[in-house]
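**Student:** Could you use the hints to bring the two separately framed chains together as a complex?
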Amino acid sequence: MSEPALKVEHVYKKFRRGEMYDSLRDLIPALTGRLLRRNPKSELVDREFWALKDVSFEVGRGEAFGIIGDNGAGKSTMLKLLTGIMKPTSGKIVVNGRLSALIEVSAGFHQDLTGRENIFLNGTILGLKRAEIRRRMDEIIAFSGLEAFIDTPVKRYSSGMFARLGFSVAAHVDPDVLLVDEVLSVGDYSFQRKCVERMTQVIENGTTVVFISHNLRAVGNLCQRSLLLRRGTIVMVDKTSEVLKTYLAGEERETAHENHALAITNVTVHGQKGPSLQFQSRDKILVTVEARATRRHDDVSVVIQVTDDQAYPLFDTCTDRLGVEAITIEAGQRLSVTFEIEAVLAEATFHVNAFLFRYTTNAPYDRWSNAATFFVHGSPEVRGAVNLSPRLVACEVTGGSNAFGESALASLVR
Amino acid sequence: MSRTIRELVRYRDVLYMLVWREIRIRYKQSVLGMLWALLMPTIIVGAGVAVRFAFSSLSGTPTHASDIASVAVKSAPYGFLVAAIRFGTSSLISNSNLLTKVYVPRLIFPLAAVLSQLFDFLVASVVLAAAVLIAGVGVSAQLLWLPLIFVGLFVLVIGAAILLSAASLFFRDVKYLVEVGLTFAVFFLPVFYEARMMGRWESLVMFNPVAPLLEATSDTVVRHVTPNLGWLGYSIAFAAVFFLAALSLFQKLEPYFAESV
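Note that the protein sequences, when read in sequence, are chains B and R.
Each residue of the first sequence is one higher than the one before, counting from 5 in our numbering.
Each residue of the second sequence is one higher than the one before, counting from 9 in our numbering.
Do not rely on the hints blindly, as some may be mistaken.
Said to hold, decoys possible - Derived coverage of chain R by chain B (criterion: at least 3 residues anywhere in the stretch with Cβ under 8 Å from a Cβ of chain B; other residues may be distant): (1) 72-83; (2) 113-125; (3) 130-138; (4) 173-180.
Unchecked claim - Label pairs and their calculated CB-CB ranges: (5) R:Ile33 with B:Arg134: 56 to 64 Å; (6) R:Phe63 with B:Ile32: 37 to 45 Å; (7) R:Leu152 with B:Gln205: 57 to 65 Å; (8) R:Val134 with B:Arg134: 21 to 29 Å.
Hints listed in this document are in silico derivations from the structure and should not be mistaken for laboratory results.
Backbone N, C-alpha and C define an ideal beta-carbon position, used for all residues, glycine too.
Isolated chain R (complex conformation) (with noise of 0.2 Å):
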């Protein structure tokens, strides 16, 4: 571990340019430039207010406003957890010509992956604050869970970054499995929906350790309460578990990647 990290900070400046290349292709070839960072949250936002216009409708209670910057506010996250992984999932199949001939640590290409993508969530983060703001959700003190929610998120998507670059490499099929994963990911994700919604399910969704990071944010941002601590001990334990199980394995593997390509 320590081998790992002194490694990575002796290779901090190609870590920097990875990162700095992958920002720079993405707003040099689109025409959109930063408006490209919100792209993405503004189709889900557009789909969760859809989404939630359908429930009210067959339910006969009206849509609030809190309900659309509930799916606002998550969208952001969901998002980058989205566009991470996937990104995360072929870093190393799309560096595959530097894997064969030169050594920098492996590690670094889904991490500056995910960092890339990271880049864009804070673009897309600015501008739903502000937007937030606007619409008059107000601020409190229960935003300073916010850090401690996207450092969770964060080791998270790295940790499954890590381990699904490694097993992409290995086995060709599984950039196909996360591809169809990720397609139905948002319905297993309280994005559109609220997990209290489920009633006595709700504990089914809130066991997927990305539900509880995603009703923590709405909680603090939108609804102003303590988000649930239990679920939300419950997710950032198991992102660390999880992150350092994914690094033990990458690092195990690490030496065969040259071949295996």
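So that you can see chain B by itself, here it is in the shape it has in the complex (with noise of 0.2 Å):
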């Protein structure tokens, strides 16, 4: 019990960006040059990158365990490095029993085959025996909910019936190590729901799961532990709210425009009585919004959002909806914009992004993620993103003699 699920020590990866020689008939030619001009220099040296840098962790029996990072951070060449698609230019991987992986889940299909006949490839694709598979079938196929189609060639399946398909029988495979790409995004809605709750029954029947994912709020939600990347190597494996903070911190400044003649100078949040950071729930909330131009622009908008720790989105407002149609703003000039928001908000953290858009063509000028980040302390009686001001207007229970419900009444009344 004490050895971990999985281990990762001192992991390099190495690729070449370019081409390589891919035929003979290109390779030959330049083989026989090479040989003629006697330059051992390679070309291909200098194109190497490294995916991965020095990257070692631990994944313990049974947690839930997530890997955030901005593309190309090296979060697929992890997973693949994991999956053992792939080798490591140098260190080791340590997997303790069976992995499976949860990606592209209807890779093993084929479209002559019918929904049965597949389900029996992809499981032992998957790992599954062919023993299991035989014994699970009933089960598989009623999640899928595609039971009056299941002896159909998958060639004339819907897409959402493919990855439905699929995902059921990648979520019958049962492994010690379960290896979570973006797959909880297939079928519709019900699908999606089936899906979570599989998840988390498969967290709580004690498997260790790996989820690598940019929805950050499926993260948050069900990993303890998270580990960042950067450029191919580990900024830091902490809790994952201590984790999602430092990565949504760190996020760089994006620019829209390369020479950016109209820019974001500053984005401050402060309260009615002066700067702060900290809010009550109801407490009004200014946010300003400062930028600068070097050249005249006519029908400039701005837009702030505010989103939840996790980047969620929660909620967005610009000058145009709020009635300034397009401002204009001539070189050299500062333009400042005040917004007043309301904190109906329960306690978290929440995060302000600015952006300048082009109100005519909605063509963005600037924009600045994480520009600031303020606290909201609420009331102990309401959980989530929002207050939305609960108060318990009746509690009754009927029927019977049971004089209870009125009495719970008047004493919460009081």
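**Tutor:** Below, the structure is given as structure tokens:
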């Protein structure tokens, strides 16, 4: 029990950029050319890059572990190394137990085979034994909800049915370690619900889960600990909430135009009585966006967006929707816009994104993600992102001779 | 080697399902059904008969029934060789979606391709055996050589399939080279003719490790004589060495498969 389910030790992975010789027709002239020129300097050396550098971490048994990072941070490479599809250039990966991945789960399907036949085919590819599949066939078919079409070739399936069948097989593999990529978004709403329920059940059953996702909300909900990757190296391994905080704070400011003739210079959050980042529920919050122009712009619109701790957008508004249709700003001028918002929010951390748009075409001038962060201290009786100010107006138990309902309400109302 | 075998045993169900998939698809799609397995040998025998008639009308000697029987019994292993190498070569490319998504020992793909062709070979062999018996070719103790001959052929074909499947993943034109090679292979192999018809060039034909296996087939089945054990031994030794070399190369390259698809 003491040994971890997954152990990654000093893993490096190198890739080559650019095109390699992928046909004999190109390779043979290139080789003879190199021999004749006697030029030992390989062109490939300069084109190498490290997708992962010195990555080490451990995932304990029964733990749900998240891996987050921007595109190109090395998440997919990590996944491929963990599944064994690729080998690390150096370093060691130890998996204790059966590992299965929920990635592109319909990869093993064949168009001409029926749903049932594909369950067998894909099931074995994902690591099930044929006897296990036979035993759980009804369960898998029921999960997919495709009973009526199970003996139809999958080429007649819709893409949603295809994905559902794929997930249904993968969801019944019962590995010791499960790797999950962005697959929880297949099918319609009710099927997605079923998938998330299944995931939660899998985690509760003590399966180790490694969750690799852009969906910070899902990582935040499912994983206790997370790993943050940036350009192939580990930034931190810690509790998911801490990692998300670092990830969101470290996100660099993106500029839509390289020579931004119109740029956001500052975004500040303050209360009515001066600068503050701490608010109570229902407080008024002032958000000021300042910008600077190096040439004339006509129809500028300023947008602010409030997101929760997992970068999920909760709210946005902009100057044109609030009545100022288009702002004109001359070269050298400064723009300052202040919004007042009411913190109908529950206790949590919130972030402000600011954008400058061209009102007529919606083309972005500049954007600043996570420009400011503020905290709301709410009352303990609400949970979630917003505070809808609940109040108990009735609580009755009726029927029989029990008089409890009345007295309970009476004590509440006082 | 032992690690490879252990892995294949662990993933035997995947191998079984992949072979089953190929056979199922082939017989599902074709109206001919089981006749499909006989189509290739029939065409080969037909071509062989035409060639033998041309030979005999040139030389003025009549065509013997045993000549036709000889072409017929060689058509099955030859058909298997061509189909298995063709199919084996493309086995990794055609499964590239699996190669980059899920881990299964990659050796399974060329293996499954060859095994699924082996099924066709077995169907064709059964029908051929019946036809040869009805034609009155007879049986003898020499038939006991057949398992050894076919094992040699199988090992040789597996070796070629794993080598060419890996090569075609790294070099896209390998597929076309193999295609050209297989198209003209029939001229270099003693299928329509006997190696001994080449006179003093016989050894040159027999130098191709496939040739002694084909000749041994017709020797044991049709002519009821002991095959040339020297050449047969050479073929089997070649097959074993070639297979091991191909396997070790395949395993060296395996970590790079997913990156070069």
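**Student:** Would you mind marking each hint as holding or not holding in the structure?
**Tutor:** Tested hints:
A count of 0 residues in the stretch 72-83 of chain R with a Cβ less than 8 Å from any Cβ of chain B is obtained; the coverage claim is therefore unmet, three being the minimum. Using a Cβ-Cβ cut-off of 8 Å, 0 residues of the stretch 113-125 of chain R lie near chain B, which falls short of the minimum of three, so the contact claim is violated. Coverage of the stretch 130-138 of chain R by chain B is violated. Counting CB-CB distances below 8 Å, 0 residues qualify, and the rule asks for three or more. For the stretch 173-180 of chain R, the proposed coverage by chain B is satisfied: 3 residues have a C-beta within less than 8 Å of a C-beta in that chain, meeting the threshold of three.
In this structure the supplied range 56 to 64 Å is violated for Ile33 (chain R) paired with Arg134 (chain B), their Cβ-Cβ distance being about 18 Å. Distance hint check for Phe63 (chain R) and Ile32 (chain B): the Cβ-Cβ separation is about 39 Å, which falls inside the suggested range of 37 to 45 Å. With their beta carbons about 59 Å apart, Leu152 (chain R) and Gln205 (chain B) fall inside the hinted range of 57 to 65 Å. Distance hint for Val134 (chain R) and Arg134 (chain B): a CB-CB separation of about 26 Å, consistent with the stated range 21 to 29 Å.
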